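Enquirer: These are the residues of each chain, in order.
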Amino acid sequence: MALKHELGRWGEVVASDFLVANGYEVLDRGWRCRHGEIDIVARLATSIAFVEVKTRRTGRYGHPLEAITPTKLARLRVLAGEWCRANRVTAAAIRIDAIGIIGDGIAIGSLEHRTAVIS
Amino acid sequence: MTIGRTRSVALSGLSGHLVDIEADIASGLPALVIIGLPDASLGEAKDRVRSAIANSGFVMPPTRVTVNLSPASLPKQGSGFDLAIALAILAGSRDVPTESVASCVHLGELALDGRLRPVAGVLPAVVAARDAGATRIMVPAGNRAEAELVPGIEVIPVASLAHAIRVHGVDIAVHDIDVIEPPREPEPEPTQRDLADIVGQPDIISALIAAAAGGHHMFMLGPPGAGKTMIAERLVDILPDLTPEESLEVTSISSLARVAHTSRLATRPPFVAPHHTATAVAIVGGGSGIIRPGAVSRASRGVLFLDEAPEFASTVLDALRQPLESGDIVIHRANTSAHFPAHVQLVLAANPCPCGNAGIDDTTCLCTPDRRRRYLARLSGPILDRIDLHLPVSRVRRAQLFDSTAPRVTTAEARERVASARARAADRWGFTRPDPLELRSGRFRLKPTAVRSLDAALDRGALTMRGYDRVVRIAWTLADCDGSDTPTADHVGRALYLRQGVPA
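Just so you know, the sequences run in chain order A and B.
Residue 5 is where the first sequence starts when you use the working numbering, and the numbers rise one by one after that.
Residue 23 is where the second sequence starts when you use the working numbering, and the numbers rise one by one after that.
Isolated chain B, as found in the complex (with noise of 0.2 Å):
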């Protein structure tokens, strides 16, 4: 009995687990069998590593082969297993030295002339291995530059299952071979926008530089033209760069939702917008088959923007109230579970009707007291009340369009302002931000002074308690926002009508 071992990843959502791999070369007449759960392409992997195997030089055993996938009842999804396959038989025929195979992970999709294809999710599998303490890693030439991302652990590039062989000290010639690029993604252009082109709103911008300090949700309702959709992309450009971390999760997941290219860390927060008819999956992340990261997923450490809120199915909205509590995500199967990020920052926005033109001047609007309210109403509570900042957006008049006296914020500027903000609440708080009941009564309680018109408003019943605790975390973000030490009476004030500003 020989058998041959190796490794692979196997990811489920953005964890990976180490699978075990194992061929043993029995006698039996000549078949390829591969057990532990897998799916149709991995199937297919025999079929693959067949012509491979041939196409490299090597003799596939005349004898039964079965191919082990451990744990079994682990389900494994794609090609990515082809080559740890392809080396745990060679290692069972003894064609390559069986330790050198064992002690590396292998990842890679086999072409049929034995060249390795790039894979998805290349990332995430490179950081798995190496957190289950795996110190040598060899990944198809083509996703060289992201499995390099992954520090503390050593990258082999190879080109084909020959180069992989000689790798593991087999003396055989390897030919020059062009190696499978992944597709490339063009260079993302430099924005053109900045904070600057939005004229005639300074509350809106004061508010943006809010949001983005303190990492609040946001709901703009205004008219169509108003610019929302351009105050929300700004909303991401005045964002600070990303963590080392955070980074790597960003970057994780897109190698993860699109088919493997990416050779760079991310730097800049996501912005994901999609349309309004999107999908709860498309949403939350699911898919048959492979589970694959939604758009709150990819929008993680970002901006999740939902334009024409009201026209998203109830559902879909409802579906983000879990993970914009929790600010993760876990899509349950009947045998597994797949954990993603969602620390998204949500920004809505909704015209006042359906026609648009309600509460504007100079305009009439045509729909019905019914349809109008129904159209809102659309927008459950829950989800509102989880949004700090309700903005009224307003059509820009002429008169504010050419008034150059008015001052004018630039991206850089509202950059450094949330950052100083962000350093201020970082030295206040420490990593963790105090929970309400520190806020109201602990060291961190504000002057009876400064609290009164929120009293009030808890008194006449306008305010909920934890709406009351929203307020105060607003206003404590804009005190840093202006340098202050303690939110005043103003910056609560301020802070209510934010809360306040929609009456939705």
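The shape of chain A in the complex, shown without the other chains (with noise of 0.2 Å):
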């Protein structure tokens, strides 16, 4: 695997601990279908938030949020609905959150958590 994908695991796996950690179930991890993947599903009470995580090593090239593209928030809006008839879900409150992550793969430099980024 390239080094940015370890970075990237990397990034999920603090992302899913920190959700975890504020009271979340992550239901799902690195869920794919022909349409792309979605990075973190996880439940809190009757909400469920399909989660995108950016993670960079520094923020010399911008926040890793600024790498979340309108083209990838709409292709996450079809995932979300995708992994919904996959798994049988229908009648929860969905939305889509972002995690933008700098750290080198060891330490975690900020974690910057943003619900609902589709309104």
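Calculated directly from the structure, the hints in this document are not laboratory data.
From a predicted model like this one, the values you see are computed outputs, not experimental measurements.
Beta carbons are placed, not taken as given, at the ideal position from N, Cα and C, and that holds for glycine.
A few chain A positions that, by computed beta-carbon distances, are all more than 10 Å from chain B:
#1 K8
#2 L11
#3 V17
#4 G34
#5 R38
#6 W87
#7 C88
#8 A96
Heads up, incomplete: computed chain A residues facing chain B, CB under 10 Å, no partners named:
#9 G63
#10 G66
#11 P68
#12 L69
#13 E70
#14 A102
#15 G104
#16 T119
#17 A120
#18 V121
#19 I122
Distance ranges between label pairs, derived from CB positions:
#20 B:E66 x A:E116: 21 to 31 Å
#21 B:A48 x A:V24: 23 to 33 Å
#22 B:A48 x A:G40: 19 to 29 Å
#23 B:D61 x A:R81: 30 to 40 Å
#24 A:A120 x B:D350: 50 to 60 Å
#25 B:I57 x A:T73: 19 to 29 Å
#26 B:D61 x A:E116: 26 to 36 Å
#27 A:D108 x B:R355: 48 to 58 Å
#28 B:A94 x A:G40: 34 to 44 Å
#29 B:E176 x A:L7: 53 to 63 Å
#30 B:I57 x A:L7: 34 to 44 Å
#31 B:I57 x A:E116: 23 to 33 Å
Both chains are given apart, each in its own frame, so use the hints to dock them into the complex.
Expert: Shown next, in the form of structure tokens:
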């Protein structure tokens, strides 16, 4: 695996630990279908969050969350629907979240969790 | 929720409105959204602001930033809001003290490196800010001279965004940077022309002085080479200097019409001579997006000279009727309107016919009578009716050229005569000119003996009632020029001749 993929995997682990520590239940990780991949699916009470995780080593080339483009968000929306269908989840409040991490694969520099980034 | 606020100025025409700029630093993915009817160049502010903030050593908040320009229904143009937007964002993220930013009006376009570029229209914008009650305004250092022409408001020139942040009380190091100066216009060369250059046309000189003294519009008819352009240029020379208010108005218009360079107040009346292919928009103002002043506004408080007047499109000439009457012009758009001043003294010049030779001795006119008639008929009656002085200009003959005994009036002498004539008129009438009724029957009524020729013309049907009133007005101007207290029969006769000199 390339170095950047390793960093991405590490970021997803960090993010799901963070969500669990904040009372979420992680339902799924790295779920794939023909439209793409969802990093984390997590549940808090009755709402389900589909979380996109972005990890960067430094903030020198922009904030990690800046890398989430409108195209990417549109795809996440489709993926959320696909996941619900595949898992027969119907009556949940659904939202798209984003987590941006700056870290080197060992220590976390910063972590930001933005909820409901599509309104 | 954190919000930063500040203010800037949106210009429509010469009048400016204070615009509240609020930046909301909300949660969400990084984005910068500008709302409140921005045009394309203002919409691009987000990219300039982002780079300028980063290159000034600050961090653009990595969240959703919404910038609202209020009142949201007023269309806003141009790049002059950049500084205000950047500071509102930094105040929202608490990088800069919010009160200091909120209490100041900001103007200026940001360069990507954070320096401030000068913008057009700073003078009217500063005036508008002051009139709206603002006490402090921050402008690009390159516009400093222009902004400081306005009294009664504290002008803070800044060279860059970092400099502005420091002025607002943040202790950061500001490096010496090159101030971006506006493009300089070369100093106008002192004019070499003088009224004494006009030889052999004493009637014209006295008519010109009367025109300058009374602010009468002028129409010159004569063959090519008779000196019509020369005469028109000298009219502006003999007008008195601008008053302080006029000067601010003239300078504001030139600040708006061109890209910023104004650094001193205009003191002399402008002279604008558009080419006869000019469109109605070029003359009265307009244009897509930003509404620009036209020639009639650039010539406000001065002279608008239309050479070869019949060659102008008739729609263009007729578009001048309304501004000539009201002294200002309003340009309407679907969602806004712009006011510009249009206090011009109009000077028209025309050849007697397309070939130019009609009515000249020793030459033959090649035009058919119909063509000749059509040529001058392009000047519509309503336009000519607003023109008081109709002057036939003839070619100078050799004998006149070398006649050293003929008196010559210099510009300085003429300007003095104009000034004293205007002073007499002001003494008599105060600030407001009397209406025609007052001139006809009030205490300014002329003696019956003085207006005998005029009454005869009215009886003959050679003169309309409006024409009658205009002639009386010209007679008063002529009397002022001669230094007499009331117009005599001679003044009225001359006025009648000047009004109807050209059978057009």
